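Protein chains in written order, with our numbering: chain A, 1 to 563; chain B, 1 to 462.
Don't read these hints as lab results, they were simulated from the structure. Errors might be hidden in some of the hints.
[Said to hold, decoys possible] Not the full set, but computed from the structure, chain A residues with beta-carbon under 8 Å of chain B: (1) Ala243; (2) Trp267; (3) Asp359; (4) Tyr381.
[Stated by the list, open to error] Under 8 Å between C-beta atoms, here's a sample of chain B residues computed to sit facing chain A: (5) Gly20; (6) Asn21; (7) Gln26; (8) Asp48; (9) Met51; (10) Glu52; (11) Asp104; (12) Ala119; (13) Glu184; (14) Phe187; (15) Thr189; (16) Gln192.
Please read these numbers as outputs of a predicted model, since none were measured by experiment. Idealized CB from N, CA, C, for every residue including glycine.
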Amino acid sequence: MDGASSGGGGSSAGGGGRGGSGYGVVARFSQCLAEFRTWLRTNWLRFNADKTDVVLPSVESSSPGGSATSDDHEFDPSADMLVHDFDDERTLEEEEMMEGETNFSSEIEDLAREGDMPIHELLSLYGYDSTVRLPEEDEEEEEEEEEGEDDEDPDHDDHSGCSGENKEENIKDSSGQEDETQSSNEDPSQSVASQDVQEMIRPRRCKYFDTNSEIEEESEEDEDYIPSEDWKKEIMVGSMFQAEIPVGVCRYRENEKVYENDDQLLWDPEYLPEDKVIVFLKDASRRTGDEKGVEAIPEGSHIKDNEQALYELVKCNFDTEEALRRLRFNVKAAREELSVWTEEECRNFEQGLKAYGKDFHLIQANKVRTRSVGECVAFYYMWKKSERYDFFAQQTRFGKKKYNLHPGVTDYMDRLLDESESAASSRAPSPPPTASSSSNGQSEKEDGTVGAHNGVSSNGPGEMVTKEEGKGEGLHVNGPTGGHKRPLHAETDTNGYEADDLTTDQKLAHMTARNESDFDDKSERPAKKRRVNSSGRESPGSSEFFQEAVSHGKAEELENTDD
Amino acid sequence: MVHTQGTRRKVCYYYDQDVGNYNYGQGHPMKPHGIRMTHNLLLSYSLDQKMEIYRPHKTSAEEMTKYHSNDYIKFLCSIRPDNMPKYSKQMQRFSVGEDCPVFDGLFEFCQLSTGGAVASAVKLNKQQTDIAVSWAGNLHHAKKSEASGFCYGNDILLVILELLKCHQRVLYIDIDIQIGDGIEEAFYTTDQVMTVSFHKYGEYFQGTGDLRDIGAGKGRYYAVNYPLRDGIDDEYYDAIFKPVMSKVMEMFQPSAVVLQCGLDSLSGNWLDCFNLTIKGHAKCVELVKSFNLPMLMLGGGGYTTCNVARCWTYETAVALDTEIPNELPYNNYFKYFGPDFKLLISPSNMTNQNTNEYLEKIKQWFFENLRMLPHAPGTQMQVIPEDAIPKESGDEDEEDPDKRISICPSDKHIACEEEFSDSDEEGEGGRKNSSNFKKVKRIKTQDEKEKEPEEKKERRRS
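Build the full structure now, drawing on both the sequences and the hints.
The following block contains the structure:
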């Protein structure tokens, strides 16, 4: 639930509606009220009967007023109430007379909050200029009705506000109607105020609302009100805003592109029957597969070439033989550029990522000049699901660092996903990944086959978490499969673990021989860091391997702080 | 009429592999990369073999100014991350910088996404396909001279403008959780475009989309906003989508449909808003497709890339009438689909705050409004005599004199031969031969359009 609007309840919305029609005002108003309510509650305060003062609850005698609680509900400007009550033509006063008693508890709160508001704020809420006029002018009605009730326990009110809010979802009650009527009341005056700028649609947007408001038009006091809409926006009308509709028949300008020529046909299914295409693709994948030998992931490259092969077929005018022949020559070109990233490029990229966040422009400009920004982005998404990333994420919390879009807007919820993701990946208290996974990361980078394999099994060490004070957890959280176990790592705490792990590591290290050399230049890092980071648990082999990477990461972090 | 056998229809798919290579920057939820993942998943399902695939042209700046203001487009062209300081004033003016950040290749990205979308519209206009798909198109918030909500250039708008060249009435359906406010506003005063948007409403991003926003002027009743509350699920969504769309189809009788398949209405995609599953979302596609109109499917919001890929893949399969297995095939981004590696997602257990009663009331309210529409066939009947009018002169006269327009060769004219033409015909004959489509029907003239509001008024009074 949006807590911001939950505060005021129906009557607060009514107050807002009286001052001006915009829901934005109402929402903002309710927010103020909610804040004040919290303040009251935290200070154990409440209002006296005249709402002139804040008192401790014990000062006044409390009276039973709890029955009204359920009517305090969230103001929800959704269509619900609009729909339910669009033909309710009772005037504001009538409604309040009829329903006022049920709203007392919430109105008391409102008034209490209003009482604490700076006068200018209150005035502006009610649509007055800052020239001080009687603020009570608007509140009078409410006060008259409520004075008897206002010795309710504020805590109770609060509670009712919350529960009412929940109930309100399913129960349409009278205050909703009230809100709606009131806001429709205000439409004409609002339109008066704003018509000079643009033709605003909203005030006149709906016939029956218009007629309603004609009947109910009452408040001249709002004439000078200019809606301050927080979230609600008007749909604007005018040549500034509407598109020019082409008139009637289609025509292309002379210099206009005939799109067809510029759109490149990559595949057309109509020329060959499906089975032939499948045979062709099989052939294509076989032949290209031959060329690539051990390195290729069968499935992965198959997919890539699929598209390529089809396009080749189109280019050859659907001559499968010719297409296959050409494919054979073009195998190299068909290879994905990602695999060509060198270790150095990877490292630079990671450094850049750490330094600049996902500002690929800066990364490219300062770190990876050999690649285009687009390539960096593409690489990023491949890299992100490699174990290299898992490792990287433990070194840095870069995922959280730079988010600074409007914090109040609910539109950016993915931020949470982002953050929880990075939080998950950096959940481990200190960053000691096992050697096996860091080497996996390396190997995957260079060799898709290994990477794919490790991807599946990488969660194995996750088992280790339970036994080894969660060290490896963060690393493996991102592993794609949850339940796969690797007996090898199950015995992490035993001595056998070290030996086993070591052998694994060495195997993997072999597969990534060229990466090792990259690490070698870091190998003179002090051994004490190893102690700190790995809590002395790792086997010499593994810690050495991974220690390089860790210290490497540290170095980067230092670098970054300089930036 | 002819198109009764099955629903298999020809599909064209527009994709540029570069489109995934843009990034809005650190922490930004908009991830064009989802489009690439979608493509990859499509490939791994071998769906690509079943449809025509195009790499679209890049839209020129000039094309974009068909809707957007010149200033704005010029600004978009020139702004780069490294020259932002120079443009700080303009950035403010055009609302670029915060939720619409400047990133490398910004304009190119707009060009690509718009290119695909507009190309598909042209394809539909030429009647060379039944369904066109361009997942890269998604920028429905952008305003004439303003970026908004991650959107810079409003490709959907250009698409609709393009379609309007050959279609008298275009229906725009937006099942993104956000309202398609850019579109709605742009066509707020016309009766040729009906915008139907199902969205979460309230204290929420764009702040428009009240159900009482029904259009203005001639466009009154041609904007439909269905405000929904949190937690709506497949069943409820279907329960409103179907009747409303059926009614819209009946009353408005569009000759082309643009469906914006924004995915932030999916369960788990957004913070606890809607609770649709992929199936429920795709059901909308299915329904719209069942109307057998030229249909354009565009992408939209949706910020969990793996679900974006899942859903749009599934919906492409729906468009192709192909069943695909729930088990995801291996693909380049396989790991993103963990931990279950399934195609479909399950709904969460969030509370559906939409009561039947609530939805029903709104539905009734729409039906009331839709009844205000002049019945579409009536306008059609009036249209036909207008064929006699010499097309060239008629058009040119109505044109804005400021616009450079030259008389184009007649074979570049493309027109809807028959509004409800059946698409099978195209497949056989000269599908590629645009000269076959020279026949031009004048659809509507100023006079008639003026008549319509009058009719409407009469109806309203009665």
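Status of each hint after checking the structure:
Interface hint at Ala243 of chain A: satisfied, since its Cβ lies 4 Å from the closest Cβ of chain B, which is below the 8 Å cut-off. For the restraint placing Trp267 of chain A at the interface with chain B, the shortest Cβ-Cβ distance is roughly 4 Å, inside the 8 Å limit, so the hint holds. With a least beta-carbon distance of about 6 Å to chain B, the hint placing Asp359 of chain A at the interface is held under the 8 Å criterion. At about 5 Å, the closest approach between the beta carbon of Tyr381 of chain A and any beta carbon in chain B falls short of 8 Å, and the interface hint on this residue holds.
Among the interface hints, the one on Gly20 of chain B holds; its C-beta lies about 7 Å from the nearest C-beta in chain A, closer than the 8 Å criterion. Interface hint at Asn21 of chain B: satisfied, since its Cβ lies 3 Å from the closest Cβ of chain A, which is below the 8 Å cut-off. Interface restraint check: Gln26 of chain B against chain A, minimum CB-CB distance 3 Å, threshold 8 Å, status holds. For Asp48 of chain B, the suggested interface contact is upheld, since its CB lies about 6 Å from the closest CB of chain A, less than 8 Å.
For Met51 of chain B, the interface hint holds, since its Cβ comes within 8 Å of a Cβ in chain A; the closest pair sits about 6 Å apart. The criterion of a C-beta within 8 Å of any C-beta in chain A is met by Glu52 of chain B, whose closest approach is roughly 5 Å, and the hint holds. Among the interface hints, the one on Asp104 of chain B holds; its C-beta lies about 4 Å from the nearest C-beta in chain A, closer than the 8 Å criterion. The interface hint given for Ala119 of chain B holds, since its Cβ lies 5 Å from the closest Cβ of chain A, which is under the 8 Å cut-off.
Residue-level restraint check for Glu184 of chain B holds (minimum Cβ-Cβ distance to chain A is 7 Å; threshold 8 Å). Interface hint at Phe187 of chain B: satisfied, since its Cβ lies 6 Å from the closest Cβ of chain A, which is below the 8 Å cut-off. A least Cβ separation of about 5 Å between Thr189 of chain B and chain A falls short of the 8 Å threshold, and the interface hint therefore holds. This hint holds: Gln192 of chain B has a C-beta 6 Å from the nearest C-beta of chain A, less than the 8 Å allowed.
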